[in-house]
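2 protein chains.
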Amino acid sequence: MRRLHPSRKICDMHASIQIDLDLPGDLARFQLPTGVNARLTELLDKQDKGHPLSESEKSEAEGLVDLADTLSYLGLKAANAS
Amino acid sequence: MRRLHPSRKICDMHASIQIDLDLPGDLARFQLPTGVNARLTELLDKQDKGHPLSESEKSEAEGLVDLADTLSYLGLKAANAS
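Protein sequences, first through last, are from chains G and P.
Number 82 marks the last residue of the first sequence (this note's numbering); no jumps.
Number 82 marks the last residue of the second sequence (this note's numbering); no jumps.
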């Protein structure tokens, strides 16, 4: 996702679990909630405009990208399972 | 979680899926990534100090609470499955 990359490439945990998913709203579409996605866009836009992110903003943005990736991943799994 | 409540009580989606989870870092512990949790704390602290959140901040905070709840829920499912 643009200049940010997930903070870690190595998978730290593996588990095979059967999940009955009951997910609210945006999460049911395996996307970041609207307000959270807007915040990520705000941070990425700031960076794209040449304003370096603070350390806390960078950590936040990387975490949000990890969350978005994880949701996409769950969405792909759910699509394959259905 | 303090004064914020998940934005929706109604479950919008149900699916039963078998997932092989490969989750990075904090997500493997079914918690918000550190930098994202810090942002949520910042927003909640602001609110607790009597500074009302803007509409976008409120939407962001509610989405983050939904994400945290969903991760906890996945963590409970994973614990039950293991």
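Keep in mind the hints are simulated off the structure, nothing from the lab.
Each residue gets a CB set at the ideal place from its N, CA and C atoms; glycine is no exception.
Heads up, a few of these hints could be off.
[What the hints assert, rightly or not] Listed next, the in silico DSS-like pairs over lysine-lysine satisfying Cα-Cα at most 27 Å (straight line):
#, chain 1, residue 1, chain 2, residue 2
1, G, K58, P, K77
2, P, K77, G, K49
3, G, K58, G, K46
4, G, K49, P, K58
5, G, K46, P, K77
6, P, K58, G, K77
7, P, K46, P, K58
[Said to hold, decoys possible] Residues from chain P that keep clear of chain G, each with C-beta distances beyond 12 Å, as calculated:
#, residue
8, A38
9, R39
10, P52
11, S56
12, L64
[Claimed, not checked] For each label pair, taking beta carbons as the anchor points, the in silico distance ranges come out as:
#, chain 1, residue 1, chain 2, residue 2, range
13, P, R29, G, E55, 35 to 45 Å
14, P, D69, G, G50, 12 to 22 Å
15, P, D69, G, D69, 29 to 39 Å
16, G, P52, P, D69, 24 to 34 Å
17, P, Y73, G, P52, 16 to 26 Å
Evaluated hints:
Between K58/G and K77/P, the direct Cα distance comes to roughly 31 Å. Violation of the 27 Å bound is thereby established for this hinted pair. A distance of roughly 42 Å separates the Cα atoms of K77/P and K49/G; the hinted pair therefore is violated under the 27 Å criterion. A distance of roughly 11 Å separates the Cα atoms of K58/G and K46/G; the hinted pair therefore holds under the 27 Å criterion. This hinted pair checks out: K49/G and K58/P have alpha carbons roughly 25 Å apart, not beyond 27 Å.
Only pairs whose Cα atoms come within 27 Å are accepted, and K46/G paired with K77/P is rejected, the gap being roughly 38 Å. The hinted pair formed by K58/P and K77/G fails the criterion: a straight-line CA distance of about 31 Å is larger than 27 Å. Distance check on the hinted pair: K46/P and K58/P sit about 11 Å apart at the alpha-carbon level, within 27 Å; holds. Not every CB of chain G is more than 12 Å from the CB of A38/P (nearest about 6 Å), against its label as outside the interface.
Residue placement check: R39/P does not keep its beta carbon more than 12 Å from all beta carbons of chain G (closest about 5 Å). The non-interface label for P52/P is consistent with chain G: the shortest C-beta to C-beta separation is roughly 15 Å, beyond 12 Å. Its closest Cβ contact with chain G, about 6 Å, brings S56/P to no more than 12 Å, contrary to its assignment away from the interface. A Cβ of chain G approaches the Cβ of L64/P within 12 Å, the least distance being about 6 Å, so the stated non-interface status is violated.
Against the hinted window of 35 to 45 Å, the Cβ-Cβ separation of R29/P and E55/G comes to about 22 Å, which falls outside the hint. Against the hinted window of 12 to 22 Å, the Cβ-Cβ separation of D69/P and G50/G comes to about 36 Å, which falls outside the hint. A C-beta distance of roughly 19 Å is found between D69/P and D69/G, which places it outside the suggested range of 29 to 39 Å. P52/G and D69/P have their C-beta atoms about 33 Å apart, which keeps the hinted 24 to 34 Å range intact.
Between Y73/P and P52/G the C-beta distance comes to about 36 Å, which lies outside the given range of 16 to 26 Å.
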